[in-house]
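**Student:** Chain by chain, the residues run as shown.
4 protein chains.
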Amino acid sequence: MTASPRLRTVAVLGLGQMGRPMAVNLVGAGFAVRTWNRSGGAVEGAAACATIAEAVAGADAALTMLSEDAAVEAVTFGDGRLLAGLGRGTLHVGMSTISVALAGRLAEAHRDAGQGFVAAPVFGRPEAAAARQLWIVPGGDAADVAALASVFAALGQGTFPMPGAREAALAKLCGNFLIAANVEILAEALALGEKGGIPPAALLGMLTGTLFGSPVVKRYGAMIAAGQFTPPGFAMALGLKDMRLVLEAGEQSRTPLPVAELLRSRFLTALATGREGLDWAGIAGLVREQAGL
Amino acid sequence: MTASPRLRTVAVLGLGQMGRPMAVNLVGAGFAVRTWNRSGGAVEGAAACATIAEAVAGADAALTMLSEDAAVEAVTFGDGRLLAGLGRGTLHVGMSTISVALAGRLAEAHRDAGQGFVAAPVFGRPEAAAARQLWIVPGGDAADVAALASVFAALGQGTFPMPGAREAALAKLCGNFLIAANVEILAEALALGEKGGIPPAALLGMLTGTLFGSPVVKRYGAMIAAGQFTPPGFAMALGLKDMRLVLEAGEQSRTPLPVAELLRSRFLTALATGREGLDWAGIAGLVREQAGL
Amino acid sequence: MTASPRLRTVAVLGLGQMGRPMAVNLVGAGFAVRTWNRSGGAVEGAAACATIAEAVAGADAALTMLSEDAAVEAVTFGDGRLLAGLGRGTLHVGMSTISVALAGRLAEAHRDAGQGFVAAPVFGRPEAAAARQLWIVPGGDAADVAALASVFAALGQGTFPMPGAREAALAKLCGNFLIAANVEILAEALALGEKGGIPPAALLGMLTGTLFGSPVVKRYGAMIAAGQFTPPGFAMALGLKDMRLVLEAGEQSRTPLPVAELLRSRFLTALATGREGLDWAGIAGLVREQAGL
Amino acid sequence: MTASPRLRTVAVLGLGQMGRPMAVNLVGAGFAVRTWNRSGGAVEGAAACATIAEAVAGADAALTMLSEDAAVEAVTFGDGRLLAGLGRGTLHVGMSTISVALAGRLAEAHRDAGQGFVAAPVFGRPEAAAARQLWIVPGGDAADVAALASVFAALGQGTFPMPGAREAALAKLCGNFLIAANVEILAEALALGEKGGIPPAALLGMLTGTLFGSPVVKRYGAMIAAGQFTPPGFAMALGLKDMRLVLEAGEQSRTPLPVAELLRSRFLTALATGREGLDWAGIAGLVREQAGL
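Protein chains in written order, with this note's numbering: chain G, 451 to 743; chain C, 451 to 743; chain L, 451 to 743; chain F, 451 to 743.
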């Protein structure tokens with residue numbers, strides 16, 4: 451795989467569980483990669499930069515892969531940061547899960563600076579990132595999205611374009627809501643079954659073997675049936691954060707979301723009762739506990 | 451496909467949307483089929499009987515495929531009914547979705563009569579029944595379940611055995627709960643997306659293309675995205691009935707089920723606001739209505 | 451206070467925490483009282499009867515004060531029971547909290563037997579019964595209710611007549627729903643306050659001193675603020691039973707009741723987690739537990 | 451009533467439905483009152499000021515009575531605003547319903563400026579403000595609260611002091627949550643009763659006559675029973691705002707609040723379905739609508 455002629459140099463800001471394997475894959479695909487990470491660290495074959503300004507200087511595109519709105523804002527706005535350092539005609543590719551409002555602000559700010567912003571959040575855990583198996587949901591100017599084809603090809607197995615940056619951010623939030631919702635409803639079903647004498651694995655096997663066999667049901671169902679919520683692939687506190695973003699989007703657009711509200715309470719309860727170290731699927735443990743299991 | 455030597459004559463009680471194609475397939479598989487239906491009707495190649503007693507006389511197994519507990523009870527108990535008419539050593543195969551309590555009562559009553567009861571509820575709509583594509587969830591005495599292998603092979607594409615009749619009834623209720631729950635969470639996600647500018651079909655395509663692509667999400671998601679809830683494949687009132695059975699099972703075993711309770715309210719609201727003629731997936735319309743869509 | 455000329459002899463069936471003080475007060479008001487209790491026991495000044503038939507023979511009215519539908523049915527229907535033993539032109543006064551459906555059945559059965567049925571459930575705990583401070587909610591034929599004026603005067607501090615027996619039963623269920631609902635919302639408010647640094651007693655004092663000072667808020671608020679849920683004045687299992695009756699009434703009339711559903715889950719959780727010995731206000735402890743208090 | 455020697459001159463910022471009658475009462479109690487209002491207007495006997503700076507210059511205390519956090523922030527922070535214009539040793543008395551977080555920020559900012567901040571939110575609608583019947587919930591430095599005794603006496607019928615400004619803001623939010631929660635549970639009970647044949651006024655009369663007779667139940671119950679939600683005494687959008695503040699406080703302190711979440715959905719639905727012109731008690735109409743009433 452070769453980088454497109456127009457897009458050769460890519461900055462990667464954020465080398466966490468997700469950003470690091472993505473940077474590795476970009477190097478492998480032949481891009482000139484320049485990395486920056488708040489707490490340091492390097493990727494073989496990439497230039498490790500001490501500052502954001504250094505990383506983005508001369509880059510055709512800068513990818514951000516950070517944990518939340520505040521981190522993306524801190525990296526983007528201000529002296530010596532991404533927005534100030536990126537050249538005209540280049541792209542900021544925001545791959546974090548962020549609020550719809552921030553996606554809108556970023557699109558506007560980069561437009562004002564003569565740059566492009568493409569929100570491109572991803573589905574997939576760290577192992578999917580390493581295996582180039584991410585699903586990418588890009589949203590932005592159509593030409594900008596097209597220009598990123600080689601980058602996306604180096605990172606994932608497919609893209610699902612949305613009308614714009616705000617819509618891409620929202621689509622990702624819808625997906626995260628549905629993951630958490632699947633955890634809740636599977637936990638209820640498996641608890642009901644178990645209290646009625648059906649081993650969880652048997653019930654889950656029937657469910658995935660008949661009508662319910664999606665990747666999310668298989669992966670999270672297995673965790674719930676086994677009661678195995680460590681190590682955390684996605685932290686409990688991030689679950690609360692994402693439900694907040696979902697509900698904020700709903701409040702903004704006047705969309706009542708009762709299951710999202712139930713999930714918000716689940717995550718709050720989990721954090722209030724000592725489960726902050728578990729994977730977010732650990733809210734299933736609350737369902738069991740309330741059933742006396 | 452040939453019927454097993456031990457199980458040649460099968461009575462089918464109930465020729466509704468599901469029972470009729472099942473009887474047809476049993477005839478096609480070489481069974482001697484005797485049918486009875488409350489409101490009459492016949493199946494080519496099967497003996498149409500005027501009474502339950504006539505239908506079950508001499509049968510090796512009697513299948514019931516009826517709409518609810520009350521119908522199954524009316525067909526089973528009393529003079530001239532199934533329990534009185536079936537011979538010793540034969541089987542009642544209850545394929546309706548019934549309460550856990552009734553499954554337990556039937557198992558006991560048939561045992562006391564020297565007969566066997568196998569609960570064998572199915573997943574699949576009428577077209578799946580016609581195409582021998584049902585999924586069957588049998589529960590009962592292991593030898594009885596084994597004896598029915600040829601019957602199940604004539605009706606469906608696979609079986610997922612449960613420990614007993616009560617557990618099979620419960621597993622089916624868990625599945626129906628999860629179907630309705632998927633309708634709710636998809637409806638919330640698609641409404642949130644639509645109010646934020648994402649066409650429902652685009653969002654659904656992304657969801658099924660990434661992590662959420664199960665049969666239930668594809669089929670019901672398409673109905674929700676299109677807002678198409680007629681003709682009803684599964685009636686709204688049956689949705690309320692099933693949620694009641696789920697919650698009764700949960701009350702019996704002390705299992706709180708908040709999403710099942712939300713769904714119960716959805717079905718009540720649907721029936722109170724003129725949606726009794728819609729498919730049960732029509733509760734998605736309530737999510738939209740409350741969002742002002 | 452003197453009994454009306456037409457109504458002199460009163461049978462009291464059920465001498466539990468409520469029935470006993472009520473029988474005592476009827477004796478004190480000059481009625482000829484005949485008692486029966488499943489597990490025996492006597493009231494000074496009243497005739498203790500060994501059978502229901504003996505108790506109701508010659509009575510102008512028979513009061514039932516029992517724990518639930520099943521007990522009222524067992525006492526009323528069958529050979530040698532209330533319905534068979536009461537004379538024509540006499541009254542059954544059902545003072546238990548029962549289902550709307552049973553109230554309707556009783557009204558019909560007694561009408562068919564040439565008797566009258568008045569549902570007259572009460573608000574008030576045992577100490578209110580002893581102090582003649584009950585509130586009575588009678589429903590039945592207007593003349594029958596009028597004929598009971600002297601009985602009600604001997605038992606309580608006031609009556610709130612409803613259109614009929616079913617409506618009286620329903621009004622009582624509405625009241626019990628509101629008691630439990632007040633426990634829930636007060637528990638949420640006090641937990642939120644306490645986690646934010648407001649002592650529960652201080653917040654409760656403000657609430658009752660301003661807009662929220664009803665008897666139910668004062669009594670249950672004090673229990674919640676003190677975390678004192680023993681001894682149980684009203685048992686946890688009865689809370690679940692009443693929420694079931696409320697939700698059944700709602701299902702019958704197609705009325706979604708989301709807070710009643712939440713309460714049902716609360717009572718289920720309480721019973722599944724070892725709180726069956728607490729007063730029903732003990733569901734407040736779940737609110738606290740989920741907040742990490 | 452005479453103003454205390456130490457506290458003679460009071461600025462009133464905000465002359466809306468609440469601020470205006472409060473200013474009138476302060477004039478009547480003998481205070482030197484200086485008013486400012488964003489959209490102009492004057493109160494007889496008070497000095498109408500064109501700017502905030504002019505209003506607070508020389509004041510011993512400045513009262514703010516504004517609709518929401520953003521308004522209070524806009525009036526307080528910045529050049530020529532309250533914080534800059536108030537003298538050292540004077541007081542800002544924040545009587546609006548604001549977030550716990552803002553109460554904390556205000557306390558800090560005024561402390562840093564050598565001033566005092568007392569949060570003193572009130573219970574009572576405009577007519578209560580006019581009649582000096584407000585209930586006041588002050589929180590701040592004890593000496594500051596004491597110094598305001600004459601001001602509070604001129605405005606209301608009693609005070610319920612809280613430990614600090616944040617706690618006072620939170621106590622008020624708890625109260626507003628409980629008002630909305632009472633609307634919800636009364637609406638559910640009255641709808642259930644009405645569908646079962648009990649006229650709402652009859653059921654409400656029974657409820658308030660027995661255990662549930664608080665000011666909030668009487669006032670809001672009457673509105674619900676009559677279905678009368680105009681003119682709005684408290685706007686629907688403010689209901690959503692307050693539930694958001696309640697839930698934010700709960701998220702901050704890790705307190706799950708399921709009824710508050712239900713209410714948030716109710717207010718969202720109301721605003722999404724054309725009820726923005728109704729009193730916030732108009733969420734009762736949603737309960738009725740979903741029951742088919």
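To be clear, the hints were calculated from the coordinates, so they are not data collected in a lab.
Mixed in with the good hints there might be a few duds.
Within a straight-line C-alpha distance of at most 27 Å, the following computed BS3-like cross-link-like pairs (lysine-lysine) qualify [unchecked claim]:
hint: 1; chain 1: G; residue 1: Lys691; chain 2: G; residue 2: Lys668
hint: 2; chain 1: F; residue 1: Lys645; chain 2: L; residue 2: Lys691
hint: 3; chain 1: C; residue 1: Lys645; chain 2: G; residue 2: Lys645
hint: 4; chain 1: G; residue 1: Lys691; chain 2: F; residue 2: Lys691
hint: 5; chain 1: C; residue 1: Lys645; chain 2: C; residue 2: Lys668
hint: 6; chain 1: L; residue 1: Lys645; chain 2: F; residue 2: Lys691
hint: 7; chain 1: L; residue 1: Lys691; chain 2: G; residue 2: Lys645
hint: 8; chain 1: L; residue 1: Lys668; chain 2: L; residue 2: Lys691
hint: 9; chain 1: F; residue 1: Lys691; chain 2: F; residue 2: Lys668
hint: 10; chain 1: F; residue 1: Lys645; chain 2: L; residue 2: Lys668
hint: 11; chain 1: G; residue 1: Lys691; chain 2: L; residue 2: Lys668
**Student:** Now look at each hint and say whether the structure bears it out.
**Tutor:** Going through the hints against the structure:
Of the supplied pair hints, the one linking G/Lys691 and G/Lys668 holds, its CA atoms being roughly 24 Å apart against a limit of 27 Å. With a CA separation close to 21 Å, the supplied pair F/Lys645 and L/Lys691 stays within the 27 Å bound. At roughly 40 Å between alpha-carbon atoms, C/Lys645 and G/Lys645 are farther apart than 27 Å, so this suggested pair is violated. Between the alpha carbons of G/Lys691 and F/Lys691 the distance comes to roughly 20 Å, so the proposed pair stays at or under 27 Å and holds.
Taking the CA atoms of C/Lys645 and C/Lys668, the gap is near 21 Å; set against the 27 Å cutoff, the hint holds. Restraint check for L/Lys645 and F/Lys691: satisfied, since their Cα atoms lie roughly 21 Å apart, inside the 27 Å limit. Taking the CA atoms of L/Lys691 and G/Lys645, the gap is near 20 Å; set against the 27 Å cutoff, the hint holds. Our distance criterion of 27 Å between C-alpha atoms is met by L/Lys668 and L/Lys691, whose separation comes to about 24 Å.
With a C-alpha separation of about 24 Å, the suggested pairing of F/Lys691 with F/Lys668 holds against the 27 Å cut-off. At most 27 Å may separate the alpha-carbon atoms for a hinted pair to count; F/Lys645 and L/Lys668 exceed this at roughly 30 Å. For a cut-off of 27 Å, the pair hint linking G/Lys691 to L/Lys668 is broken: about 37 Å separates their Cα positions.
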